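Line order of the protein sequences matches chains S and F.
Under my numbering, the first residue of the first sequence carries the number 1, and numbering increases by one thereafter.
Under my numbering, the first residue of the second sequence carries the number 1, and numbering increases by one thereafter.
Worth flagging that the hints you see were computed from the coordinates, not collected in a lab.
Fair warning: this is a prediction, and the values are worked out from it, not measured in the lab.
Warning: the hint list may mix true and false statements.
[Stated by the list, open to error] Counterexamples of contact, computed for chain F against chain S with all Cβ distances above 12 Å: (1) Y34; (2) L47; (3) T106; (4) T367; (5) K373; (6) T385; (7) S436; (8) M453; (9) Q463; (10) D503; (11) K535; (12) H548; (13) S567.
[Stated by the list, open to error] Derived lysine-lysine pairs resembling PhoX-like cross-links, with alpha carbons at most 20 Å apart: (14) F:K221 - F:K67; (15) F:K341 - F:K232; (16) S:K66 - F:K181; (17) F:K232 - F:K352; (18) F:K198 - F:K341; (19) F:K341 - F:K329; (20) S:K72 - F:K181; (21) F:K312 - S:K62; (22) S:K55 - F:K293; (23) F:K232 - F:K221; (24) S:K62 - S:K72; (25) F:K329 - F:K221; (26) F:K293 - F:K562; (27) F:K535 - F:K462; (28) S:K130 - S:K90; (29) F:K312 - S:K55; (30) S:K66 - F:K312; (31) F:K352 - F:K562.
We treat Cβ as the ideally placed atom computed from N, Cα and C, and that holds for glycine.
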Amino acid sequence: MRRIISVLLENEPGALSRVVGLFSQRNYNIETLTVAPTEDETLSRLTVTTTGSDKVIEQITKQLNKLIEVVKLVDLTEGAHIERELMLVKLKATGSQRAEIKRTVDIFRGQIVDVTSTVYTVQLAGDTDKLNAFIQAVGASGVLEVVRSGVSGIARGEKVLSL
Amino acid sequence: MELLSGADMLIRSLQDEGIEYIYGYPGGAALHIYDALFRQDKVKHILVRHEQAAVHMADGYARASGKPGTVLVTSGPGATNTITGIATAFMDSIPMVVLCGQVASTLIGEDAFQETDMIGVSRPVVKHNLSVRHPEEIPEIIRKAYYIATTGRPGPVVVDIPKDMTTPNERYEYVFPKKVKLRSYNPAIRGHAGQMKKAVDMLLAARRPIIYAGGGVVLGKASGQLTELAHKLGYPVTNTLMGIGGFPATDKQSLGWLGMHGTYESNMAMHHSDLILAVGARFDDRVTNATEKFCPGARIVHIDIDPASISKTIDADVPIVGPVDAVLKEMLSLLAESHQKPDADALAAWWKQIDDWRAFHGMRYETSDTYIKPQEVIEAIWRITNGDAYVTSDVGQHQMFAAQYYRFDKPNRWINSGGLGTMGFGLPAAMGVKLSYPEHEVVCFTGEGSIQMNIQELSTCKQYNLPVKIVNLNNQALGMVKQWQDMNYESRHSQSYMESLPDFVRLAEAYGHVGIRIDRKEDLEPKLKEAFAMKDSLVFLDIYVDPHEHVYPMQVARGSMKDMWLSKTERV
Chain S
1 MRRIISVLLE
11 NEPGALSRVV
21 GLFSQRNYNI
31 ETLTVAPTED
41 ETLSRLTVTT
51 TGSDKVIEQI
61 TKQLNKLIEV
71 VKLVDLTEGA
81 HIERELMLVK
91 LKATGSQRAE
101 IKRTVDIFRG
111 QIVDVTSTVY
121 TVQLAGDTDK
131 LNAFIQAVGA
141 SGVLEVVRSG
151 VSGIARGEKV
161 LSL
Chain F
1 MELLSGADML
11 IRSLQDEGIE
21 YIYGYPGGAA
31 LHIYDALFRQ
41 DKVKHILVRH
51 EQAAVHMADG
61 YARASGKPGT
71 VLVTSGPGAT
81 NTITGIATAF
91 MDSIPMVVLC
101 GQVASTLIGE
111 DAFQETDMIG
121 VSRPVVKHNL
131 SVRHPEEIPE
141 IIRKAYYIAT
151 TGRPGPVVVD
161 IPKDMTTPNE
171 RYEYVFPKKV
181 KLRSYNPAIR
191 GHAGQMKKAV
201 DMLLAARRPI
211 IYAGGGVVLG
221 KASGQLTELA
231 HKLGYPVTNT
241 LMGIGGFPAT
251 DKQSLGWLGM
261 HGTYESNMAM
271 HHSDLILAVG
281 ARFDDRVTNA
291 TEKFCPGARI
301 VHIDIDPASI
311 SKTIDADVPI
321 VGPVDAVLKE
331 MLSLLAESHQ
341 KPDADALAAW
351 WKQIDDWRAF
361 HGMRYETSDT
371 YIKPQEVIEA
381 IWRITNGDAY
391 VTSDVGQHQM
401 FAAQYYRFDK
411 PNRWINSGGL
421 GTMGFGLPAA
431 MGVKLSYPEH
441 EVVCFTGEGS
451 IQMNIQELST
461 CKQYNLPVKI
471 VNLNNQALGM
481 VKQWQDMNYE
491 SRHSQSYMES
501 LPDFVRLAEA
511 YGHVGIRIDR
521 KEDLEPKLKE
531 AFAMKDSLVF
541 LDIYVDPHEH
551 VYPMQVARGS
561 MKDMWLSKTE
571 RV
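The following block holds chain S by itself, in its conformation from the complex (with noise of 0.2 Å):
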């Protein structure tokens, strides 16, 4: 099963390659990961996707925690959450394409943020469902270039992660 797990980590120099190195070294999956600095410039918070079964998911976070440089960690999974990703598409934009790509754009509710005479390059923001519905609907075959930032995630109501 997929899982978002959201870890406050101490932001030291080496700290993240501990836990990259953790998953790659006990055979764990990473799908997406991100990672900055909070409004504590001690702390950065990592969010980290990935699937596996619960057996394997209690180990991940029993593991994590183990590292000395983690605060503290939640599976956003386990509750109500929201999660969004960034991506910037750039796309082939010609003749009535134009206006087709624009009006899917705005279905979206994403933003065009760059435009040339053949290129349109769109900003979308979203869980990961809805950003591969918008590659699909534009249809991959007009798609130049991806990126994606990978998952962000926050718990809904009145939980926070922090210190």
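Given the structure of chain S, go ahead and fit chain F onto it with the hints provided.
Okay, now just chain F, sitting in the frame of chain S:
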């Protein structure tokens, strides 16, 4: 205010940490540190002949004393040579700090001479590693390193020290922190009250209980509590290879150890139990055999300091995270308060069954008129040393025989590489023990394969006068490999035989020690006695044993715990 260079701060921190011995080998990036070491006499340095041996020495010392070992090496090859030793300590949760020199911080990343990314290389086999970025941090980093290495589930910690952090003419204020606090590291200090209560109730309700005690009992200094609990309940106890000595082997409640080469009665009792109390053990594959066939009727209470060890391979019904000594102590008081008693009839029937298993097999081997049997060598040494020696072992058949036939009544006496299975571990580990326990008998059981992996340390033994007894069970083959080839590869002995073995007696003599060869059965006992009477000499006993011997019992691959070979021809 005291101003010290980084190198002096490092050595001073070791003094303040109470470190008596460090084991190591100098080199370019560590020379400032070695100079600081020279200018004091509190911390003593033991110069090995290969860095791997320094780590095993520190490891042997740590296993015998329960205190952390310390290693000092240079960058590059000095550091990478420690990796096998570090991995050995990591697998067996041994507290240790490995101090590595590093090229100057200004050179890192430039492929400088003797540069290796030791933080990266060691990462998968350490509990943690730390890099010095400013000389002033050294005292705190050292304090942190020992704190992390020794608390929670212990393990090795590497400290990487670039050469410019130890420059002699740059001095800083020295303050050794009394305490360290890490917001992200808080090992459990006691178990969960509700879980412990549940565990005690389950223990009392069990009809076919067994206590399965691992290395955590030895490391967690909990053998007293474990023995008390076992005696109060009257339940059988089986130890893992790492847990040997955690419960007295000669106690009538001891079933010996379990798993691949464990006793018949241990494996049978595990398989047929209805309740397993696992204490500081991790359901390793060498214990469980096929996990899907593991102990079908048993409910499991699992106590461990490391939550990740619980339900990793075998699901626990009642997990208890905490230090084993504290948890067992708490369970003992819950037991004292409880009005319930174990079902005496059920327990009597269970013991009757266990005694039948013992009678059916127990520990036995066939003796021979022509060959010296490796098992009888171990038994003879057990008698000669009154079962009270510190015993280290290398890896292979001799290791299994030593664990089976030397009966340990005390913890910290059986010292072997259980998790990683590192050949070459035995001799340096014995040296580390002997250095700290000079009055005690220290025996290293080895084979002609393993001993040659660190035989250069005979030279270190001479330099520091370490009169250990090396017992080389010489079967002129890599015995365990050969056994597997006999059993699984129709006796095709691919690369398991070493031609041109050295004359170990003359080799020992060349290093300045005593060598004794034993190849006749009638010489065994008298020559062993002669060797063990030489208290001040290192004696290398080269004993020619039956080259065809196999280790039994042996679990049948992919079977359950009860599926075993009991000899070359009997399978149950």
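What hint numbers does the structure not satisfy?
none
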